[in-house]
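Q: For the sequence shown, the positions run 10 to 255 when our numbering is used.
Hint data in this document are derived by calculation from the structure and do not stem from the laboratory.
The model shown is predicted, which means the values in this text are computed figures rather than measured ones.
Be careful, since some hints might not be right.
Claimed, not checked - Here are the computed lysine-lysine pairs in the DSS-like style, where the Cα-Cα straight-line distance is at most 30 Å:
| hint | residue 1 | residue 2 |
| --- | --- | --- |
| 1 | Lys110 | Lys20 |
| 2 | Lys95 | Lys110 |
| 3 | Lys20 | Lys95 |
| 4 | Lys199 | Lys95 |
| 5 | Lys199 | Lys110 |
| 6 | Lys192 | Lys116 |
| 7 | Lys116 | Lys20 |
| 8 | Lys199 | Lys116 |
| 9 | Lys110 | Lys192 |
| 10 | Lys116 | Lys95 |
| 11 | Lys95 | Lys192 |
As the list claims (entries may be wrong) - Each pair of labels, with its calculated beta carbon distance range:
| hint | residue 1 | residue 2 | range |
| --- | --- | --- | --- |
| 12 | Ala131 | Asn90 | 18 to 26 Å |
| 13 | Ser17 | Leu60 | 20 to 28 Å |
| 14 | Leu18 | Thr214 | 36 to 44 Å |
| 15 | Trp233 | Leu60 | 31 to 39 Å |
| 16 | Leu142 | His220 | 37 to 45 Å |
| 17 | Lys192 | Tyr137 | 35 to 43 Å |
| 18 | Glu59 | Lys199 | 46 to 54 Å |
| 19 | Leu142 | Arg186 | 39 to 47 Å |
| 20 | Gly138 | Glu59 | 23 to 31 Å |
| 21 | Thr187 | Ile58 | 55 to 63 Å |
| 22 | Pro25 | Ala241 | 33 to 41 Å |
Using N, Cα and C, we set each Cβ at its ideal position, and we do this for glycine too.
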Amino acid sequence: MRMRGSISLGKILGIPLRLHYTWFIIFVLVTVSLVLYFPGDYPVEHYPIELRIILGILTSVLFFASIIAHELAHSILATRNNIPVKEITLFVFGGVSYITKEATQPKTELLIAIVGPLASLAMGGIFYGLHFLAGEALLANFMWWLAIINVLLAIFNLIPGFPLDGGRVFRAIVWQRTHNYHKATSIATKVGRGIAYSFIVGGITIIFAYHLWFNGLWLIFIGWFLHNAARASYQQVLQGRPGIPH
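Using the sequences and the hints given, assemble the complete structure.
A: Dropping the structure here:
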C-alpha cells in the first residue's frame with residue numbers, strides 16, 4: 010500500500026523513505042508560523058527576517074527529522090520481530106510506516122506501537138538539553154519549541170484512537186485479554202471512531218463558540234482523517250491485506 014503522489018527520498022537503514030505532496034502543506038505552515046510567531050519572549054522585530062527564515066526552515070527540518078526518528082523506531086523493532094517494513098512516508102499529519110504483515114503476538118504489537126512515542130519523548134529530551142547549550146537566546150527558544158513539540162507528538166500518538174500508536178497499544182491489551190485478534194481490532198476501531206468524532210465535535214465547537222476557524226477546521230480535519238484511517242485499517246485486517254499503517 011502506498012500513498013499516491015509521493016516521491017522517493019532514498020533509503021534509511023535499508024527502509025525506503027518517501028515524501029507525499031501533502032507534506033509540503035504542513036512544512037510551509039510550520040515554517041511560516043515559526044518565522045512570524047517564533048517561540049520566545051522577544052518581539053520578532055528584534056531579529057532580521059533573513060535570520061528568522063533560516064531558523065524557521067532549520068527548525069521545520071529538525072521537526073520532520075524527529076518524525077522520521079519516530080517512524081524508524083517502529084520500523085526497526087518491526088524488522089527485528091521478522092515483520093518486514095515496505096516504506097516510511099511523510100505526509101501532512103506526520104509519518105506512517107507500512108508493514109507487510111501484522112504482529113502475531115499482542116506483546117509484539119504493544120512493543121512496536123509504544124516505541125514510537127518513546128522515541129519522540131527521547132527526542133524531546135535531546136532538544137531540551139540542547140536548548141541549555143545553545144547559548145544564543147533565539148536558537149535556545151527554537152530548541153525549546155522542538156522539545157515541546159516532540160513531547161506533544163508523543164502524547165498525541167498515545168491517544169487510544171486506532172490506528173494511532175495509543176490505539177494499537179489499546180488493541181494489544183484487549184487482544185491479550187480476549188485472545189481474539191479480530192475482536193480486539195473491532196473494539197479498538199470503535200474507540201478510535203469515537204475519538205475521531207470527539208475531534209470533529211470539538212472543532213465545530215471551537216469554530217462557533219470561539220470563532221477560531223483555523224484551529225477548529227484543523228481539529229475537524231484530524232478527526233476526519235482518524236475516522237477514515239480507523240475504518241480503512243479495520244477493513245484491511247478483515248480482508249487480510251498487507252501494508253497496514255502504524
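Q: Hints first: check each against the structure and report whether it holds.
A: How the hints compare with the structure:
1. Taking the CA atoms of Lys110 and Lys20, the gap is near 20 Å; set against the 30 Å cutoff, the hint holds.
2. Of the supplied pair hints, the one linking Lys95 and Lys110 holds, its CA atoms being roughly 10 Å apart against a limit of 30 Å.
3. About 11 Å separates the Cα atoms of Lys20 and Lys95, which keeps this hinted pair within 30 Å; it holds.
4. Of the pairs offered as hints, the one joining Lys199 and Lys95 holds, with about 27 Å between alpha carbons and a cut-off of 30 Å not exceeded.
5. Restraint check for Lys199 and Lys110: the C-alpha separation of about 22 Å stays at or below 30 Å, so the hint holds.
6. Pair hint Lys192 plus Lys116 holds up; C-alpha atoms about 16 Å apart against a cutoff of 30 Å.
7. Distance hint between Lys116 and Lys20 is fulfilled; the C-alpha atoms sit about 28 Å from each other, no more than 30 Å.
8. Using a Cα cut-off of 30 Å, the hinted pair Lys199 and Lys116 holds, with the two alpha carbons roughly 21 Å apart.
9. Taking the CA atoms of Lys110 and Lys192, the gap is near 18 Å; set against the 30 Å cutoff, the hint holds.
10. Only pairs whose Cα atoms come within 30 Å are accepted, and Lys116 paired with Lys95 is accepted, the gap being roughly 22 Å.
11. For the given pair, Lys95 sits about 26 Å from Lys192 by alpha-carbon distance, which is consistent with the 30 Å threshold.
12. Here the CB-CB span from Ala131 to Asn90 is close to 20 Å, well matched to the stated 18 to 26 Å.
13. At about 33 Å, the CB distance of Ser17 to Leu60 disagrees with the hint of 20 to 28 Å.
14. Our hint of 36 to 44 Å for Leu18 and Thr214 holds, since their Cβ atoms are close to 39 Å apart.
15. Take Trp233 and Leu60: their Cβ atoms lie about 38 Å apart, and the range 31 to 39 Å holds.
16. About 41 Å separates the C-beta atoms of Leu142 and His220, a value consistent with the hinted range of 37 to 45 Å.
17. A hinted range of 35 to 43 Å holds for the C-beta pair Lys192 and Tyr137, which are about 41 Å apart.
18. Under the hint 46 to 54 Å, the C-beta atoms of Glu59 and Lys199, about 51 Å apart, fit the expected range.
19. Range check, Leu142 to Arg186: Cβ separation about 46 Å, and the 39 to 47 Å hint holds.
20. Checking the proposed 23 to 31 Å range against Gly138 and Glu59 shows it holds: the Cβ atoms sit about 28 Å from each other.
21. Between Thr187 and Ile58, the C-beta spacing of about 58 Å keeps the proposed range 55 to 63 Å intact.
22. Checking the proposed 33 to 41 Å range against Pro25 and Ala241 shows it is violated: the Cβ atoms sit about 21 Å from each other.
Of the numbered hints given earlier, the model fails hints 13 and 22; all others are met.
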